[in-house]
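Engineer: Chains as they are written, first to last, in our numbering: chain A, 1 to 150; chain U, 1 to 146.
Think of the hints as simulated: they come from the structure by calculation, not from any bench.
Be aware that a few hints might be false.
In the DSS-like style, the derived pairs of lysine-lysine whose C-alpha atoms are separated by at most 25 Å in a straight line are [what the hints assert, rightly or not]:
1) K75(A) to K124(A)
2) K76(U) to K102(U)
3) K53(U) to K76(U)
4) K96(A) to K10(U)
5) K139(U) to K124(A)
6) K124(A) to K53(U)
7) K130(A) to K10(U)
8) K91(A) to K75(A)
9) K130(A) to K76(U)
10) K57(U) to K139(U)
11) K113(U) to K139(U)
12) K130(A) to K48(U)
13) K48(U) to K66(U)
14) K110(U) to K139(U)
15) K96(A) to K102(U)
16) K71(A) to K128(U)
17) K76(U) to K71(A)
18) K75(A) to K89(A)
19) K102(U) to K10(U)
20) K96(A) to K130(A)
21) K102(U) to K75(A)
22) K139(U) to K128(U)
23) K130(A) to K66(U)
24) K139(U) to K71(A)
25) K53(U) to K102(U)
26) K76(U) to K124(A)
27) K125(U) to K53(U)
28) K110(U) to K71(A)
29) K130(A) to K139(U)
30) K57(U) to K102(U)
31) K125(U) to K139(U)
32) K66(U) to K139(U)
Source: prediction; values computed, not measured.
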Amino acid sequence: MKLQKKRIESEIFTGSMADISFLLIIYFMVTSVFSATRGLDFALPKQSTSTPEIKQEDSIDIHVMQGDQIKVDGKPMTMDQILPYIAEKLKQNPDKPVILRTDPDATYNNMIQVFDLLRQAPDKIGMEIKTISIPTQREIQNVWALFGVK
Amino acid sequence: MSILRGRARKVEASIFTASMADIVFLLIVFFVLTYNVQVDRTQVNLPKTWVRKTVPKDAAYISITKDGVIRVSSGKEMSLPVGSDEEVVTFASNVVAETPNKSFVIKADKDTKYEHVDKVLDALKQAKARVIYLLSEQKTQDDTKQ
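Generate coordinates for the entire structure from the input sequences, incorporating the hints supplied.
Structural biologist: Below you can see the structure in the form of structure tokens.
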């Protein structure tokens, strides 16, 4: 009598694969947050002894004050008037730097709207503002101290 | 006759699920590729701007809430609140000492007073940071109409 060999089929059980995958999906969906990863960039000058000092009279001074008030070179202006004014100045001297001063009491949004406007200069007036300087309060006070103003 | 009297053939209803695993794997691959660890989860209302540049992935974060609470993260660990302005300088100096070309991201609430942002900028200047990003959302035509 011949004994018939019983065949054992080898297989990997994949029934739970979908369950595991779904668990992983839920994990990634819950933990991944759509975060803002874009913003306005600006480079700070490299700290060296040859850093040129920007004099106020050689530059365009933009003063952002509380409540959307803006003064450019001491004259009150609206947002729409700033770029044409700068364009005029840049025609005389394309390297003219712009100093963006903001009052401590103004909001961050006031400042960033003006900064955004200045960065749009190549598109709006066809000229790039090569230097935008954002001095901090300490730096402004240091400059005043140089002139003997407290 | 036998055909007419024949029993109705049973049609088994089933949903084809063999490709389910494939779809699910594709979704997993998508999430794995797009997943990025958010080191700072501070809830702020970002200002809206037209000009926006992509922030480097390994940048250090400094967040400022509306009330002026500052949190810092070197980009590797979760952000922690700092007590004083000097601590921001120390933090930034340590980060710059480790990686001189590290970018810093300022994530500030649009309604925060500028003096808080000014202090952080001053700290970064003192620490000799090179590049700073001011995090913002995309401005649209609708925002300008308002």
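Engineer: If a hint holds in the structure, say so; if it doesn't, say that too.
Structural biologist: Verification of the supplied hints:
1. K75(A) to K124(A): holds (22 Å)
2. K76(U) to K102(U): OK: K76(U) and K102(U) at ~12 Å, within 25 Å.
3. K53(U) to K76(U): This hinted pair holds, its Cα atoms lying about 21 Å apart.
4. K96(A) to K10(U): Violated, because 86 Å separates the two Cα atoms, which is more than 25 Å.
5. K139(U) to K124(A): holds (16 Å)
6. K124(A) to K53(U): It holds: about 18 Å lies between the C-alpha atoms, which stays within 25 Å.
7. K130(A) to K10(U): Roughly 80 Å separates the two Cα atoms, so the pair is violated.
8. K91(A) to K75(A): holds (20 Å)
9. K130(A) to K76(U): violated (34 Å)
10. K57(U) to K139(U): holds (22 Å)
11. K113(U) to K139(U): Measuring from Cα to Cα gives roughly 21 Å; hence the hint holds.
12. K130(A) to K48(U): Satisfied, since the Cα-Cα distance of roughly 23 Å is no more than 25 Å.
13. K48(U) to K66(U): holds (16 Å)
14. K110(U) to K139(U): Answer holds: K110(U) to K139(U) is near 13 Å, not above 25 Å.
15. K96(A) to K102(U): violated (29 Å)
16. K71(A) to K128(U): This hinted pair is violated, its Cα atoms lying about 30 Å apart.
17. K76(U) to K71(A): The hint is violated at about 41 Å.
18. K75(A) to K89(A): The hint holds at about 14 Å.
19. K102(U) to K10(U): Roughly 69 Å separates the two Cα atoms, so the pair is violated.
20. K96(A) to K130(A): Since the Cα atoms of K96(A) and K130(A) sit roughly 8 Å apart, the hinted pair holds (cutoff 25 Å).
21. K102(U) to K75(A): Outside the cut-off at roughly 38 Å; violated.
22. K139(U) to K128(U): The hint is violated at about 31 Å.
23. K130(A) to K66(U): Distance of about 32 Å is beyond 25 Å: violated.
24. K139(U) to K71(A): holds (24 Å)
25. K53(U) to K102(U): Distance of about 16 Å is within 25 Å: holds.
26. K76(U) to K124(A): violated (39 Å)
27. K125(U) to K53(U): Status holds; Cα separation ~21 Å.
28. K110(U) to K71(A): Within the cut-off at roughly 21 Å; holds.
29. K130(A) to K139(U): Holds. K130(A) to K139(U) sits at ~24 Å (cutoff 25 Å).
30. K57(U) to K102(U): Holds - the C-alpha atoms of K102(U) and K57(U) are around 11 Å apart, at most 25 Å.
31. K125(U) to K139(U): Status violated; Cα separation ~28 Å.
32. K66(U) to K139(U): Given pair K66(U), K139(U) holds - Cα atoms ~20 Å apart, limit 25 Å.
Of the numbered hints listed earlier, those contradicted by the structure are 4, 7, 9, 15, 16, 17, 19, 21, 22, 23, 26 and 31.
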